[in-house]
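Between the sequences and the hints, there should be enough to build the whole structure, so can you do that?
So for the sequence shown, the numbering used here puts the first residue at 31; every next one is plus one.
Simulated from the structure, these hints should not be mistaken for lab results.
Glycine included, each C-beta is placed from N, C-alpha and C at the ideal position.
Check the hints yourself; a few may be wrong.
What the hints assert, rightly or not - Estimated spans, in silico, between C-beta atoms of each pair:
hint : residue 1 : residue 2 : range
1    : Val178    : Arg78     : 39 to 47 Å
2    : His212    : Glu91     : 40 to 48 Å
3    : Lys74     : Asp163    : 24 to 32 Å
4    : Glu199    : Ala66     : 15 to 23 Å
5    : Pro177    : Gly217    : 31 to 39 Å
6    : Lys152    : Ala213    : 40 to 48 Å
7    : Trp59     : Gln149    : 14 to 22 Å
8    : Lys74     : Glu199    : 20 to 28 Å
9    : Gly129    : Trp205    : 22 to 30 Å
10   : Glu86     : Asp126    : 23 to 31 Å
11   : Pro85     : Ala213    : 21 to 29 Å
12   : Ser193    : Lys74     : 15 to 23 Å
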Amino acid sequence: MFSSGLIERPVSWVALAGFMGTGKSRIGWELSRALALHFVDTDKLITRVVGKSIPEVFAQEGEGYFRACEHEVVQRVTRLEHAVISLGGGTFINEDNRGTLLERGPVVVLWASPETVYQRTKHSDRPLLRVEDPLGQIRTLMDEREPVYRQGTIHVHSDGRPSEEIVEEIIERLWAWADVQHAWASGADLGERAAD
Numbered sequence: 031m032f033s034s035g036l037i038e039r040p041v042s043w044v045a046l047a048g049f050m051g052t053g054k055s056r057i058g059w060e061l062s063r064a065l066a067l068h069f070v071d072t073d074k075l076i077t078r079v080v081g082k083s084i085p086e087v088f089a090q091e092g093e094g095y096f097r098a099c100e101h102e103v104v105q106r107v108t109r110l111e112h113a114v115i116s117l118g119g120g121t122f123i124n125e126d127n128r129g130t131l132l133e134r135g136p137v138v139v140l141w142a143s144p145e146t147v148y149q150r151t152k153h154s155d156r157p158l159l160r161v162e163d164p165l166g167q168i169r170t171l172m173d174e175r176e177p178v179y180r181q182g183t184i185h186v187h188s189d190g191r192p193s194e195e196i197v198e199e200i201i202e203r204l205w206a207w208a209d210v211q212h213a214w215a216s217g218a219d220l221g222e223r224a225a226d
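In structure tokens form, the structure reads like this:
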């Protein structure tokens, strides 16, 4: 476990992945405050570096350019210490990004129903939802991405829950994950550890 002054925390770096509208930015910010870590939102970082909004990047440069920017940002954020990283919805889908992120530390995947995602995103300007049937598009994309998101380290549902409760669950599960990592690293018998 990691300690910084009076703060003891289960990890010093964690990423949040999941579909758009699952709460990664909000929960990431609150998690960073609870753990006294820096907060980085990769979509906001891309917009600062490129000087354009995500919809402008998609419209003017194309999705391929945006995904290349995401890849570069992943290379940078995985070198950070003491940070909670909120990933764009498609970042974890890329195999290279996913491998780099999982090698760096735990990736918490946030889940929500298609209906919840639709309610949270219907007034936003999301390039992938500029279609006639956005709810149908959400369902299709979520179905396609689910097997990849399942490769995350920890899975938490955000539907209808207060953010404080979600953050508490993430921290509890990060402690459990960190305990297992520590036990593996020290060669301890996991059976004995689980009995404690």
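Evaluated hints:
no.	hint	in the structure
1	Val178 with Arg78: 39 to 47 Å	27 Å, violated
2	His212 with Glu91: 40 to 48 Å	44 Å, holds
3	Lys74 with Asp163: 24 to 32 Å	29 Å, holds
4	Glu199 with Ala66: 15 to 23 Å	19 Å, holds
5	Pro177 with Gly217: 31 to 39 Å	33 Å, holds
6	Lys152 with Ala213: 40 to 48 Å	45 Å, holds
7	Trp59 with Gln149: 14 to 22 Å	20 Å, holds
8	Lys74 with Glu199: 20 to 28 Å	25 Å, holds
9	Gly129 with Trp205: 22 to 30 Å	25 Å, holds
10	Glu86 with Asp126: 23 to 31 Å	25 Å, holds
11	Pro85 with Ala213: 21 to 29 Å	46 Å, violated
12	Ser193 with Lys74: 15 to 23 Å	18 Å, holds
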